[in-house]
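Take the two lone chains and join them into the complex the hints point to.
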Amino acid sequence: MEFKMAQAAAEVPPKGGFSFDLCRRNEMLSNKGVPPPSFRKTGTTIVGLIFQDGVILGADTRATEGPIVCDKNCEKIHYMAPNIYCCGAGTAADTKAVTDMVSSQLQLHRYHTGRESRVVTALTLLKYHLFNYQGYFQAALVLGGVDANGPHLHTIYPHGSTDTLPLATMGSGSLAAMAVFESKYHEGLTKAEGINLVCEAICSGIFNDLGIGSNVDVCVITKGHKEYLRNHQLPNPRTYVNSKGFSFPKKTEVLLTRVTPLEEKVEVIEGGDAMEE
Amino acid sequence: MSIFEYNGSALIAMVGKNCFAIASDRRLGVQLQTIATDFQRIYKIHDRLFLGLSGLATDAQTLYQRLVFRHKLYQLREERDMKPETFASLVSAVLYEKRFGPYFCQPVIAGLGEEDKPFICTMDSIGAKELAKDFVVAGTASESLYGACEAMFKPDMEAEELFETISQALLSSVDRDCLSGWGGHVYVITPTEVKERILKGRMD
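Chains as they are written, first to last, in the UniProt record's numbering: chain A, 1 to 277; chain B, 1 to 204.
Treat each hint with caution, since some may be false.
To give an idea of the chain B side of the interface with chain A (calculated C-beta under 8 Å), a few residues [said to hold, decoys possible]:
#, residue
1, Phe4
2, Glu97
3, Arg99
4, Lys117
5, Asp124
6, Glu143
7, Ser167
8, Thr192
9, Glu196
10, Arg202
Listed next, the in silico PhoX-like pairs over lysine-lysine satisfying Cα-Cα at most 25 Å (straight line) [stated by the list, open to error]:
#, chain 1, residue 1, chain 2, residue 2
11, A, Lys251, B, Lys195
12, A, Lys251, B, Lys154
13, B, Lys154, B, Lys195
14, B, Lys117, A, Lys72
15, B, Lys133, A, Lys72
16, B, Lys83, B, Lys72
17, B, Lys154, A, Lys250
18, B, Lys154, A, Lys72
19, B, Lys200, A, Lys251
20, B, Lys17, A, Lys251
21, B, Lys44, B, Lys83
22, B, Lys17, A, Lys250
23, A, Lys244, B, Lys154
24, B, Lys117, B, Lys44
25, A, Lys244, B, Lys83
26, B, Lys17, A, Lys244
27, A, Lys72, B, Lys17
28, B, Lys44, B, Lys17
29, B, Lys195, A, Lys250
30, B, Lys200, A, Lys250
Listed next, the stretches of chain B that the computed footprint assigns to chain A, with coverage defined by at least 3 CB atoms under 8 Å from CB atoms of chain A [what the hints assert, rightly or not]:
#, stretch
31, 102–112
32, 127–137
33, 147–156
If you're looking for bench data, these hints aren't it; they were derived computationally from the structure. Where a beta carbon is used, it is the ideal one built from N, C-alpha and C, also for glycine.
Next comes chain B alone, as it looks inside the complex (with noise of 0.2 Å):
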């Protein structure tokens, strides 16, 4: 058993039309048996910036700790909040400096940049980025999440149909792989608002 499968977790991140949609799983599991159903595995960085953390639970917190408190010191000195190119760079090196002894977790990095314009980004375990320009995918349901977003993604969704596709990519997946699931929480960011979502899955 890796280690990646002690919780269980599903993390999706797609780009729409000057919009992007994040969406995870909701269930916290000690191996086989389930102890939450509403666990949050995405945090929101700023306004326009969004962490997703899958792996073990324990380093995804953790790491969102840090991860905060380096971007609350950069607000700070800068006076501004982060550009997401600027915050996956940033967890690359927290993640990097632990090269021989890593934090168990990938983490899915979705923001709205300049200009409107939708950035994501994902990770391994010891930061090696992966800058894609139309979804990614991670958790212990990533192989049929890859398989399902292929099939479904179209380019430039506006925000309801890109919400439509995440929401049938994720919950697709999740009922084929017993580790995630238990409903659905989606982020859906356009430059004027932020709409959260619970969705109702299977509970098994």
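Just chain A, same shape as in the assembly (with noise of 0.2 Å):
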């Protein structure tokens, strides 16, 4: 009996998957009154097109928790493989999540079969994880990338749908972006003229929806080579900046201090034999 109580008692960490034993607090709190807590989210435009050689992907840089920007520089574009690249929208941590855990699906994949992943293995992975949670993961990811087939490009939205298309946009910029994408794009696009038109995109989304803002991030995937253009454009620079700085002339009061040193010190005391004496 005191055995099989200090096993249950024992707290060894998980071995993996999600945990629900806070959950009839956290409803009985939301009856009492007390309503959950909003997550970050990516207010977001991610776009993505193919040009004659690959695959562009673009994002801003925004990351929003309510009206309140809470990250002005977040990585949007996450690696999935080499020469696979996923933009995330929705709720950040989904979207870090549920790319970060294909990601590692898809290298213990490559181990195993000894080739390059294909666009469209992390495109079914990506959709049975999504559809299984029944779009309880806030997560809508556009996905692209150059294997062995060509390029490819897929929109994949929260409940586990996808759509596979020359361009693609998602987010709450995606109206605005597609709008760009709708007049300009053509086939056949050069690499320059490609970049061009996804940072035009990004950037109509930045200056007229108010969930997405900072930098413009690019990713451009072609057959053998990648370039991860981080903060490829910075149309927001702050530069009212007052040169001098905050000086402080009335000092903070302080009630104790207490000073811990890091580094031991220790003596060494040469030719002290002293206990032999």
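Rendered as structure tokens:
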């Protein structure tokens, strides 16, 4: 009896998967009139297009928590495989967790098969995972890459449906970005034209939608080569910074100071064989 | 009333030149009643890694105990301390595990990594990491804290100037928030020492 109780009480780190043990308490709190918190979202415009040699993905860099900008320079283009990248919109924790999970599954698959990963493999893994959770994972993704069958671009919706398209936009700024794409896209774009078009689409989101802002990240994937242009464009620099900075003539009043030195000073007494006396 | 406003809290971490500072307020309340003015929100994980937890105090204490447990297991297995980046990933995983029934906490992690390079990070309550190069804030006073830090921060400050800046940012923001304040608790960590200071603030 005692042995079994000890086993139940031992807090062994769990083997994986979700743990639902706080759900009952949280539901009780929400019934008592305490609403659940809002999570960090990536308001976002994420775009992708296929050009003559491969795929270009683009994203803005603002993360919001309600109406407040909590991160002015976050990364929304996540690594999946050396030839596949995925942009994520929606709840930030969900997009990061689902792309990291599928990225590690793809790595294991690469070790198992000895071949480069295919974009449809990543697509299938992502859509199965999202469908299993019936849309509770708020992650809308734009997946792009170049594999043995050529360049591919897919969009994945939070409930698990997918689209395969030559141009894709997701997020709150998707309408602004799609408007730019529809008017200027044509087949056979060169790399420079493609990057320009992606930047224009993201900028239209940055300047017209409140959930999107800061800088433009671009990722160009071609056969055997990828270029991750972090902060490719900075259309919102902080120009009027006071060069003098703040000086505080009246210092803060300190009640107590405690200093803990970190490096231990060991005193070595030379030739000290006092014990031998 | 949001669950984060039940106890009230304010936390900042700022990066300086080969040093960092982490500061918190000292109030513990139950909605509008104050029950303690010496509540500890910043915990030491090891000599060069500090964790601040804002939000519901009970979840903050439980989460701290879980993380210390995991870190001690790591120390026993690896025979060394955890790097700040690794610890941030651990906290993110522990929080995301409770994705559908989360802890009502927002952690702020600050540490000195390889070659004494300062590292700061914050997360929302389900583990979405935000790695910043300048400052991170959390708590009920976060909106004022964002504004104050944005204005007062300068890159590459030395330890004394960093202490002054973070203290002024903290005190001016909590003065505009009913649920946090009652003094401040600031830790400034350089490669050679940890200086802990208690600030005098408005007690209202």
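Going down the list of hints, with the structure as the test:
1. At a threshold of 8 Å, the smallest CB-CB gap from B/Phe4 to chain A is about 6 Å, leaving the interface hint in force.
2. The closest approach between the C-beta of B/Glu97 and any C-beta of chain A is roughly 5 Å, which is under the 8 Å cut-off, so the hint is satisfied.
3. Interface restraint check for B/Arg99: the shortest CB-CB distance to chain A comes to about 6 Å, inside 8 Å, so the restraint holds.
4. Restraint check, B/Lys117 versus chain A: the minimum CB separation of about 16 Å is more than 8 Å; hint violated.
5. Annotation: interface hint on B/Asp124 holds; nearest CB of chain A at approximately 4 Å, less than 8 Å.
6. Restraint check, B/Glu143 versus chain A: the minimum CB separation of about 6 Å is within 8 Å; hint holds.
7. Given the 8 Å rule on beta carbons, the hint for B/Ser167 holds: about 4 Å separates it from the nearest Cβ of chain A.
8. With a cut of 8 Å, the hint placing B/Thr192 at the interface with chain A holds, because the nearest CB-to-CB distance is about 6 Å.
9. The restraint placing B/Glu196 at the interface with chain A holds, with a minimum CB-CB distance near 5 Å, inside the 8 Å limit.
10. With a cut of 8 Å, the hint placing B/Arg202 at the interface with chain A is violated, because the nearest CB-to-CB distance is about 11 Å.
11. Proposed proximity of A/Lys251 and B/Lys195 is supported: the alpha carbons are some 17 Å apart, at most 25 Å.
12. The hinted pair formed by A/Lys251 and B/Lys154 meets the criterion: a straight-line CA distance of about 17 Å does not exceed 25 Å.
13. Our distance criterion of 25 Å between C-alpha atoms is met by B/Lys154 and B/Lys195, whose separation comes to about 21 Å.
14. Of the pairs offered as hints, the one joining B/Lys117 and A/Lys72 holds, with about 22 Å between alpha carbons and a cut-off of 25 Å not exceeded.
15. At most 25 Å may separate the alpha-carbon atoms for a hinted pair to count; B/Lys133 and A/Lys72 meet this at roughly 11 Å.
16. Restraint check: the Cα-Cα separation between B/Lys83 and B/Lys72 comes to about 13 Å, which is no more than 25 Å; the hinted pair holds.
17. This hinted pair checks out: B/Lys154 and A/Lys250 have alpha carbons roughly 19 Å apart, not beyond 25 Å.
18. For the hint pairing B/Lys154 with A/Lys72, the CA-to-CA distance comes to about 16 Å; that is within 25 Å, so the pair holds.
19. With a C-alpha separation of about 11 Å, the suggested pairing of B/Lys200 with A/Lys251 holds against the 25 Å cut-off.
20. For the suggested pair B/Lys17 and A/Lys251, the alpha carbons sit about 21 Å apart, so the restraint of at most 25 Å is met.
21. In summary, the hint linking B/Lys44 to B/Lys83 is supported, as the alpha carbons are separated by about 13 Å, within the 25 Å threshold.
22. Taking the CA atoms of B/Lys17 and A/Lys250, the gap is about 23 Å. The hint holds against a cut of 25 Å.
23. Annotation: proposed proximity of A/Lys244 to B/Lys154 holds, straight-line Cα distance about 10 Å (limit 25 Å).
24. Taking the CA atoms of B/Lys117 and B/Lys44, the gap is near 18 Å; set against the 25 Å cutoff, the hint holds.
25. For the hint linking A/Lys244 to B/Lys83, the alpha-carbon distance of about 36 Å lies beyond 25 Å, and the restraint is violated.
26. The hinted pair formed by B/Lys17 and A/Lys244 meets the criterion: a straight-line CA distance of about 18 Å does not exceed 25 Å.
27. Annotation: proposed proximity of A/Lys72 to B/Lys17 holds, straight-line Cα distance about 22 Å (limit 25 Å).
28. For the proposed pair B/Lys44 and B/Lys17, the alpha carbon gap of about 21 Å is at most 25 Å, so the pair holds.
29. Pair hint B/Lys195 plus A/Lys250 holds up; C-alpha atoms about 21 Å apart against a cutoff of 25 Å.
30. The straight-line distance between the Cα atoms of B/Lys200 and A/Lys250 is roughly 13 Å, inside the 25 Å bound, and the hint therefore holds.
31. Closer than 8 Å: that is the beta-carbon criterion, and the stretch 102–112 of chain B has 3 residues meeting it against chain A, so the requirement of 3 holds.
32. Coverage of the stretch 127–137 of chain B by chain A holds in this model, with 5 residues showing a Cβ closer than 8 Å to a Cβ of that chain against a need of three.
33. Requiring three or more residues with a Cβ within less than 8 Å of a Cβ of chain A, the coverage given for the stretch 147–156 of chain B holds, as 3 such residues are present.
Of the numbered hints listed earlier, those contradicted by the structure are 4, 10, 25.
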